[in-house]
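Enquirer: Sequence:
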Amino acid sequence: MKIKKEETKIVCEWIFDGKKMHKTSECDRIEWLVNNYLIMVANKDGWEKLYQDPSDQRYWEYTYPDSEMQGGGPQLLTVLSNREAKIKYNL
1 MKIKKEETKI VCEWIFDGKK MHKTSECDRI EWLVNNYLIM VANKDGWEKL
51 YQDPSDQRYW EYTYPDSEMQ GGGPQLLTVL SNREAKIKYN L
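The sequence shown runs 1 to 91 under the working numbering.
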């Protein structure tokens, strides 16, 4: 599913059911977006990447906010303003 105009954040969550860790559907959505839809603009260090939505030109930052977890933890896509993207990723 593509990104809606009103969306500014897409959060993946890992849920432990007592036996096993499960990913929410937003995790699959984020993976699909970065692999099939969004255009990578910059890769800061492997843990922080900048993408652009081809339909509305918004910048999306792909991060691992719980990077201390195994595998980097769940992913997060967050909108960055043009100014924020230019400063953080030296565009």
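No wet-lab data here; the hints were simulated from the structure. Careful, some of the hints might be misleading.
As the list claims (entries may be wrong) - In silico SDA-like pairs for lysine to any residue, Cα to Cα no more than 20 Å straight-line:
{"no.": "1", "residue 1": "K5", "residue 2": "G73"}
{"no.": "2", "residue 1": "K49", "residue 2": "R83"}
{"no.": "3", "residue 1": "K86", "residue 2": "T8"}
{"no.": "4", "residue 1": "K49", "residue 2": "K88"}
{"no.": "5", "residue 1": "K49", "residue 2": "T78"}
{"no.": "6", "residue 1": "K5", "residue 2": "Y62"}
Unchecked claim - Quick list of the computed label-pair ranges, beta carbon to beta carbon:
{"no.": "7", "residue 1": "G46", "residue 2": "E26", "range": "17 to 23 Å"}
{"no.": "8", "residue 1": "G18", "residue 2": "A42", "range": "37 to 43 Å"}
{"no.": "9", "residue 1": "G18", "residue 2": "D56", "range": "26 to 32 Å"}
{"no.": "10", "residue 1": "N82", "residue 2": "S25", "range": "27 to 33 Å"}
{"no.": "11", "residue 1": "K88", "residue 2": "M1", "range": "24 to 30 Å"}
{"no.": "12", "residue 1": "R29", "residue 2": "I87", "range": "36 to 42 Å"}
{"no.": "13", "residue 1": "M21", "residue 2": "N82", "range": "35 to 41 Å"}
{"no.": "14", "residue 1": "F16", "residue 2": "I39", "range": "32 to 38 Å"}
C-beta atoms are modelled at their ideal positions from N, C-alpha and C, and glycine is treated no differently.
Enquirer: Against each hint, give a clear statement of whether it holds in the structure.
Expert: Hint check:
1. K5 to G73: The given pair, whose Cα atoms are some 27 Å apart, is violated under the 20 Å limit.
2. K49 to R83: 16 Å, holds
3. K86 to T8: 18 Å, holds
4. K49 to K88: 10 Å, holds
5. K49 to T78: 11 Å, holds
6. K5 to Y62: 18 Å, holds
7. G46 to E26: 17 to 23 Å: At 22 Å between Cβs, range holds.
8. G18 to A42: 37 to 43 Å: Given range 37 to 43 Å: holds, Cβ gap about 40 Å.
9. G18 to D56: 26 to 32 Å: 41 Å, violated
10. N82 to S25: 27 to 33 Å: With Cβ atoms ~30 Å apart, the hint holds.
11. K88 to M1: 24 to 30 Å: 27 Å, holds
12. R29 to I87: 36 to 42 Å: Since the Cβ atoms of R29 and I87 sit about 28 Å apart, the hinted range of 36 to 42 Å is violated.
13. M21 to N82: 35 to 41 Å: Given about 36 Å between the Cβ atoms, the range holds.
14. F16 to I39: 32 to 38 Å: Hint holds: Cβ distance 34 Å, inside 32 to 38 Å.
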